[in-house]
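My request is simple: use the sequences and hints to build the entire structure.
Same order as they appear, the protein sequences are chains A and B.
Taken in order, the first sequence gives residues 1 to 112; the numbers are from my numbering.
Taken in order, the second sequence gives residues 1 to 116; the numbers are from my numbering.
To be clear, the hints were calculated from the coordinates, so they are not data collected in a lab.
List of simulated lysine-lysine pairs, DSS-like, C-alpha gap at most 30 Å: (1) Lys55(A) x Lys43(B); (2) Lys43(B) x Lys108(A); (3) Lys79(A) x Lys43(B); (4) Lys79(A) x Lys55(A).
Calculated Cβ distances over 10 Å to all of chain B for the following chain A residues: (5) Val3; (6) Pro8; (7) Ser12; (8) Ser26; (9) Arg66; (10) Gly71; (11) Lys79; (12) Asp87; (13) Val88.
From the three backbone atoms N, C-alpha and C, an ideal C-beta is built for every residue, glycine too.
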Amino acid sequence: DVVLTQSPLSLSVTLGQPASISCRSSQSLVYSDGNTYLSWFQQRPGQSPRRLIYKVSNRDSGVPDRFAGSGSGTDFTLKISRVEAEDVGVYYCMQGTHWPYTFGQGTKLEIK
Amino acid sequence: EVQLVESGGGLVQPGGSLRLSCAASGFTFSYYWMHWVRQAPGKGLVWVSRTNPDGTSTDFAGSVKGRFTVSRDNAENTVYLQMNNLRADDTAVYFCVRDSHPGSYFGQGTLVSVSS
Chain A
1 DVVLTQSPLS LSVTLGQPAS ISCRSSQSLV YSDGNTYLSW FQQRPGQSPR RLIYKVSNRD
61 SGVPDRFAGS GSGTDFTLKI SRVEAEDVGV YYCMQGTHWP YTFGQGTKLE IK
Chain B
1 EVQLVESGGG LVQPGGSLRL SCAASGFTFS YYWMHWVRQA PGKGLVWVSR TNPDGTSTDF
61 AGSVKGRFTV SRDNAENTVY LQMNNLRADD TAVYFCVRDS HPGSYFGQGT LVSVSS
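Following this line, the structure appears as C-alpha cells:
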C-alpha cells in the first residue's frame with residue numbers, strides 16, 4: 001500500500017499567521033491518465049471530513065482561497081495563508097491513484 | 001443539495017454481522033462511484049471500499065477483504081456495506097462517501113462497536 005507521511009503531526013499557529021503541512025508519498029502519485037490524485041481533507045472537531053483540495057491544487061467549492069495545495073510526484077504541501085479560528089481541526093492528505101486509497105496520519109492544527 | 005445518510009450501526013459481538021445502508025439524494029446516484037471510509041475512535045481515516053456506478057466492480061482494503069461486501073441499488077439510491085465476521089478492530093464510525101472531481105461528500109457516519 002502507498003504510505004503517506006505527513007509533517008508536522010501537530011501545529012500551533014497564531015491567528016493570522018501562515019501554516020504549512022507536508023505530505024510525502026512512498027511512490028509516485030501520477031496516474032496513467034496523467035492526473036495526480038492527491039487530495040487534502042479537513043476534519044473539524046466532531047464533524048465529518050470535508051475535502052479542501054483535489055488533484056493537488058484544485059480547491060473544492062466553497063473553500064476559502066487562503067487554502068492552497070501544491071506539489072508533484074511524491075511531494076505535496078498544503079498551505080494556509082492566514083490561519084483563522086475556524087481552521088482548527090485535523091488535516092489529512094489522501095491519495096486516490098493506487099488502490100487501496102490511503103490517508104496520511106493527520107496533522108492537528110490548533111491556535112496558539 | 002447532496003445528502004448521504006448512513007444507518008445500521010450498532011453494537012455487535014465479535015464474529016457477528018451487520019449491514020450498513022447509505023441513502024443518497026440530491027444527485028444522479030447511478031452515475032457515481034461510491035465509497036466507505038472508517039475512523040476508529042480517536043484515530044485517523046481508512047478507506048474501506050469502493051464500488052463502481054453499476055455495482056459490477058468492488059474493491060476492499062486488505063483488512064476487510066473476504067469479510068465485507070458492498071452492493072448498491074440504483075433504483076433506491078442506496079449503497080450497502082455487509083460486514084461479516086466482525087472483529088474488535090472493526091470498531092469505528094463508518095462514513096459513506098461520494099468522492100468525485102469536483103465534488104466530495106461525506107455522510108454523518110454511523111458507529112459500529114464490536115464487543116462482547
